[in-house]
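**Student:** Under the working numbering, the residue at position 132 of the sequence shown is numbered 135, and the numbers go up by one with no gaps.
Straight-line distance between alpha carbons at most 25 Å, and here's what the computed DSS-like set of lysine-lysine pairs gives: (1) Lys-50 / Lys-108; (2) Lys-96 / Lys-72; (3) Lys-50 / Lys-21; (4) Lys-116 / Lys-103; (5) Lys-108 / Lys-125; (6) Lys-93 / Lys-72; (7) Lys-58 / Lys-125; (8) Lys-40 / Lys-110; (9) Lys-125 / Lys-50; (10) Lys-103 / Lys-125; (11) Lys-96 / Lys-40; (12) Lys-21 / Lys-93; (13) Lys-55 / Lys-103; (14) Lys-93 / Lys-40; (15) Lys-55 / Lys-22; (16) Lys-110 / Lys-125; (17) Lys-93 / Lys-22; (18) Lys-96 / Lys-21; (19) Lys-116 / Lys-58; (20) Lys-96 / Lys-110; (21) Lys-125 / Lys-93; (22) Lys-125 / Lys-96; (23) Lys-125 / Lys-115; (24) Lys-96 / Lys-50; (25) Lys-72 / Lys-21; (26) Lys-103 / Lys-58; (27) Lys-22 / Lys-72; (28) Lys-103 / Lys-50; (29) Lys-58 / Lys-115.
Hint data in this document are derived by calculation from the structure and do not stem from the laboratory.
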Amino acid sequence: MILYWLCITTRTNWEVIKKQNVWGVAPRHLRTLQRVKVGDILVFYVKQEVEKSVKRPSAIVGIYEVVGKPFRDETPIFSGGVYPWRIRIKPLKTGEVEFKPLIPKLKFIVNKKGWTGYLMGKAMRPLPEEDYRLIEGLL
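Using the sequences plus the hints, can you model the full thing?
**Tutor:** Here is the structure:
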């Protein structure tokens, strides 16, 4: 059974993910990463950022398929940390869809006003198939 995951990252690390075809998490998120299987789908979310006084909104930027099992690699490729627990991925779809307009339609976000709580402190979280289908159709 394919599972869908929302992966939370920065725009800087999104560039690394696209170039290296790898997703990495901190040791505290290893248990979550170990639940991910080959064939699962990762949906990448980039956080809102301010770059040179320009506000870039949070967005869904890509959909990737998992093609390998979790492994450990200490090579410092990511910004903000090593994120040594990694998994190989391949791109299925990239683009950019602003996240905030999706919130009313997403089932995994029950409290629409407190939506950031569903993402804070997480590297990744399960995503219902219905939410994945909505996102995939818009990307």
